[in-house]
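Participant: Sequence:
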Amino acid sequence: MARRPQDYDDIPGTFVFDAERSRQGYGINMFCMSLMKDENRKAVKANEAEDLKKFKLTPAQTEAILKRDYNRMLELGGNIYFTAKLGATDGRSFQQLAAVMTGSTQEDYAKMMLGGGRSVEGNRSKSGREKSAAKSKAKTHRKSRSKRG
Numbered sequence: 015m016a017r018r019p020q021d022y023d024d025i026p027g028t029f030v031f032d033a034e035r036s037r038q039g040y041g042i043n044m045f046c047m048s049l050m051k052d053e054n055r056k057a058v059k060a061n062e063a064e065d066l067k068k069f070k071l072t073p074a075q076t077e078a079i080l081k082r083d084y085n086r087m088l089e090l091g092g093n094i095y096f097t098a099k100l101g102a103t104d105g106r107s108f109q110q111l112a113a114v115m116t117g118s119t120q121e122d123y124a125k126m127m128l129g130g131g132r133s134v135e136g137n138r139s140k141s142g143r144e145k146s147a148a149k150s151k152a153k154t155h156r157k158s159r160s161k162r163g
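Under the working numbering, residues 15 to 163 are what the sequence shown spells out, in order.
In short, the hints are calculated from the structure, not lab data.
Mixed in with the good hints, there may be bad ones.
What the hints assert, rightly or not - No farther apart than 25 angstroms at their CA atoms in a straight line, the calculated lysine-lysine pairs in the BS3-like style are these:
| id | residue 1 | residue 2 |
| --- | --- | --- |
| 1 | Lys81 | Lys59 |
| 2 | Lys68 | Lys99 |
| 3 | Lys125 | Lys99 |
| 4 | Lys81 | Lys70 |
Stated by the list, open to error - For each label pair, taking beta carbons as the anchor points, the in silico distance ranges come out as:
| id | residue 1 | residue 2 | range |
| --- | --- | --- | --- |
| 5 | Lys125 | Asp52 | 29 to 37 angstroms |
| 6 | Met127 | Lys70 | 16 to 24 angstroms |
| 7 | Glu135 | Gln20 | 18 to 26 angstroms |
All residues carry an ideal CB built from backbone N, CA and C; glycine is no exception.
Construct all of the structure, not just a fragment, from the sequences and the given hints.
Facilitator: Laid out in structure tokens, this is it:
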């Protein structure tokens with residue numbers, strides 16, 4: 015079943031992990047959580063494609079996992095904290111994963127985060143709804159002040 019579009023789906027570079035996405039990604043997340051056990055990590059390393067058959071995954075989810083396409087895993091319902099367990103199984107740090115997911119080097123990602131993170135400019139709602147909401151709030155505030163005074 016296709017995911018219903020949400021108002022917050024237009025935030026650049028973000029897949030909000032809501033209840034619907036959680037249901038959609040249950041198989042991905044259960045696979046990743048299984049990696050907390052050593053015997054499961056060994057099974058994945060021995061024959062990952064076969065091990066994935068134990069989980070209820072769509073073909074797209076299976077492909078994203080096998081390709082280590084973390085952004086696609088999140089889009090398909092994966093939770094960043096669960097998918098990080100897959101990265102750890104591969105010997106990658108969370109910082110390394112975040113760098114890959116943002117399309118930067120680990121060094122550049124670390125510098126950006128130490129410098130205060132990404133600027134919010136250009137990283138807000140694509141539709142500009144936050145601008146119209148801010149204008150509306152300011153108008154309401156001005157009207158209420160003029161009525162008092």
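Participant: Can you give the numbers of the hints that this structure goes against, from lowest to highest?
Facilitator: 6
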